[in-house]
Amino acid sequence: MNDLVAKIQAVLPQVAKPARYTGGEWNAIVKDHTQVDLTVAWTFPDSYEVGMSHLGSLIMYHQINRRADACCERAYAPWPDMEAKMREHNIPLFTMETWTPVGGFDIIAFPLLYELTYTNLFTCLDLAGVPLRSADRTEAHPLVIAGGPCVFNCEPLAPFLDVAVLGDGEFVIHEILDAYKQWKEAGRASRRELLRRLAGITGCYVPAFYEPSYRPDGTIEKYIVTDSAAPAVVHRATVDDLDAIDFPTAPVVPNIDIVFDRAQVEVFRGCTRGCRFCHAGMVTRPVRERSPEKVQQLAREVVRNTGYSELSLVSLSTADYTDVANTVRKLSAEMTCAGVNVTLPSTRVDAFSVQIADAVQQVNRSSVTLAPEGGSARIRRVINKTVSDRDIRDAFKAAFTAGYKAIKLYFMIGLPTETDDDLRAIAEKGHWALEIAEEILGRQEARNVRITISVSTFTPKAHTPFQFEPQVGIEETQRRQWVVKRACKDRRIEFKGHHSESSLIEVLHSVGDRRVSAALLRAWELGARFDGWTDQFRYERWVQACVDVGVDIKYYAARRKGYGEVFAWDHLFAGVTKEWLIDDHMRAMAETEVADCRWENCDVCGACMAFGVQPVLKPAKEGSL
Amino acid sequence: MKLRIRLAKQHTARFFSHLDIQRTLERTLRRAALPLAYSQGFNPHPRMSFASALATGASSEGEFIDVDLTDDVAPAEFVARANRCTPPGLTFVDAREVPAKGDSLFSLVDTAAYRLTLSAASVAVVADAVAAFLAQDVIEVAKEGKRGTRLVNIREQVYDLAVEGSLPEPGGARVVVNLRAVLQSGSQGSLKPETLAEGLAQVSPAFADTVLVGTHRLMIYRREPRTGALQEPWDL
Ligand code: SF4
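Sequence lines, in order, name chains W and R.
Those letters in the first sequence? Residues 1 to 625, per our numbering, in order.
Those letters in the second sequence? Residues 1 to 236, per our numbering, in order.
Hints may be right or wrong, so weigh each one.
Covered stretches of chain W, going by a simulated chain R footprint (3 or more residues, C-beta under 8 Å) [as the list claims (entries may be wrong)]:
(1) 16-24
(2) 306-314
Pairwise CB distance ranges (calculated) [claimed, not checked]:
(3) R:Ser104 with W:Val5: 54 to 62 Å
(4) R:His11 with W:Ile582: 55 to 63 Å
(5) W:Asp490 with R:Arg150: 30 to 38 Å
Computed cross-link-like contacts, EDC-like style, restricted to lysine to aspartate or glutamate with a CA-CA straight-line distance of at most 16 Å [as the list claims (entries may be wrong)]:
(6) W:Lys485 with W:Asp552
(7) W:Lys17 with R:Asp20
(8) R:Lys2 with R:Asp160
(9) W:Lys7 with R:Glu169
In short, the hints are calculated from the structure, not lab data.
Each residue gets a CB set at the ideal place from its N, CA and C atoms; glycine is no exception.
All chains, full assembly: derive it from the sequences and hints.
See below:
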């Protein structure tokens, strides 16, 4: 037994949930490192339970491991109790599959799904023994890459990343691995040479080759490309046909309870509903559906290979899937007798969606979750959440008719142009639900109905029409929460407000630039870990960090940005052009809605032209259902 | 038909909690496409019942579950098929058919045999503590319960205790001692190995710096109170 294994075994009984670190899951892929040319440590900067729930990670694990010449192993950010033990006993960050130190891998890949995981990236690199700054790494160190939705503005992490990979990973990862392999076989000559090769791949952004300059007022003057190998604007990598790519039908099955503990099949990618605050809907355009035949085939395989008792059909809005009703009905009928439930991750706000959810969601019949996002019809036009008051009422009716006794409603506050009337309209939706409950269930039954109103705070995200908008700030958020809360006048309505302080720090990340990187690092030095977890987040730590390095949070969070400003993410092209974003922002101010281009006319946002793709809808083939 | 199954959990699987094992077994048996009988209701679960929960971190070769099946499967075939679908560390050791209407396993067993691994100053320290322990009739240890702390006589929960072997610890002056312990473990009361170690330190102060480094469950039994005879779950 080698020394590291002995040390790990000695600390495992002393930490919470040791199975987070042991590996040994069904379908985990263990390869002999001496038999492959490349090793990748897929390092999720959050807990095992969150990381294992991420479908994108399962997809990439499969993509890399299906190559005979490469192996991909997983690592997760250790929870603070484990981090302390690792430091105490000199245990480096190690992988689940073979307990190999991450620092010895060729490539460390970080999926970035949520801004408040960034400080965990430092923990992982530091425990791996890898210099935090790209500039300090040598040919002997792993290549540090990152992907996922957050990389579309990865400037706050720019000094720490060698390469950020934008867009769909399925093809571009192989280009990266091939380039790395050539460089490695040629004797690992110079790290810069490797970065130059990678900079030439569509989707690969090498921050070191771009140099921002600033104006006296603090805004960005321009970005200069400092290496001829790097393009002026980095385009996203885009997969055009989901039926043509390999999907993981034998994903790793966790031994412990995780956040999404179920089989997942992706039914489509992208969303063009056009909600103006939504980052995911802007950086994944256009909609590309997988065919129902393929979805059903994958669903059967993944259930057979995992033994899960729940299958989830996932996408940004599964009720929008062309063949949703048939696919759900068919899979449900097939699987229920084997004890497998089919579920949809979220419910669109209308009667149809509630009915589909009800047809399948036998696991949790107690409540249905709906996200109207905006309280008044006016604010919903501003944010382009094209849900009418009638849709909301119909969804409530469908829910109570189906026998639900609880409804959870999600809203956003602090939205551009928002007034107190819009806020009171949020509470009003709760009262509507109660009225409808009384109509349908009768006064007596309706006494037991529970309505939960959860409000989060609008956070501007890069590449969205609302990127120009400020956040309202902590006091104002609290005041607006109070306005909603006070308007909830029935004890059956429960109000939940989101932490205003962590929303503020999230903006620092989401629309921050390279100067913010110093604050991130400082916050980590001051102990910031798992900032997305309310029990771990400490606002004072972030305030202190910003003071220490001279970063003004208000400059990033509270300032309205001009249409003509250069943004830290302008050289990263996610699909929507800046012109379109400006147009759409103006339409928001005019309270004008935009139709969904998958069903209506193209709005010329830029994605299809730039990437040579188009919206792909796939109705079921004649006779196949 | 109902099968009684003996399982082992070792290596990484010893860190599974009781719920983890339950979930993992469900998935294992489903992957193996064995004809599980499901409970009724909106959220059907395979009909399985477990003997008793083992602490997370302990290994075992004496875990028992009863599984209801809708079709007959030869026990040997059941074991072979299930073992092709288990995650590393979890092993189906044996299976036998039991009467479909019998009592639940949980209510049948009340005793467990363990191999405890201790890191001690010397074998003599452990042997002396064991001898002192067995020589007494009453050894009271404080136990946290729902209604506050109370004293429990743990001596009557210990049916057998013996040093089984030892090894010098690599590079150290200490030794690793294996202790075989047969302890009460069931719905009427259970003695945890950690509490036993406390009791040993109480009767023999020299034992105080001894560390319980490993717990391995060997088997579970039903104990005949008068004769002390132990019956394995197969015979119940
Ligand atoms: S280019 Fe047109 S069709 Fe394509 S995503 Fe944009 S608006 Fe939709």
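Query raised in the report: Holds or violated: are the alpha carbons of lysine 7 of chain W and glutamate 169 of chain R at most 16 Å from each other?
Result: holds, 15 Å
Report task. Please count how many residues of the region 16-24 of chain W have a CB within 8 Å of a CB from chain R and say whether that reaches 3. Result -> holds (count 5)
Requested in this report: Given the range 55 to 63 Å, decide if the beta-carbon distance of histidine 11 of chain R to isoleucine 582 of chain W lies inside it.
Outcome: holds, 59 Å
Query raised in the report: Is lysine 17 of chain W close enough to aspartate 20 of chain R, meaning Cα to Cα at most 16 Å?
Result: Since the Cα atoms of lysine 17 of chain W and aspartate 20 of chain R sit roughly 11 Å apart, the hinted pair holds (cutoff 16 Å).
Query raised in the report: Do the Cβ positions of serine 104 of chain R and valine 5 of chain W conform to the proposed distance bound of 54 to 62 Å?
Result: violated, 39 Å
Query raised in the report: Between aspartate 490 of chain W and arginine 150 of chain R, does the beta-carbon spacing fit 30 to 38 Å?
Result: violated, 47 Å
Requested in this report: Compare the distance between the alpha carbons of lysine 485 of chain W and aspartate 552 of chain W with 16 Å, and conclude whether the hinted pair is satisfied.
Outcome: violated, 31 Å
Query - Per-stretch coverage check for the region 306-314 of chain W, three Cβ contacts closer than 8 Å to chain R - result: holds (count 4)
Query raised in the report: If you draw a straight line from the CA of lysine 2 of chain R to the CA of aspartate 160 of chain R, is it 16 Å or shorter?
Result: violated, 32 Å
The earlier numbered hints that this structure contradicts are 3, 5, 6, 8.
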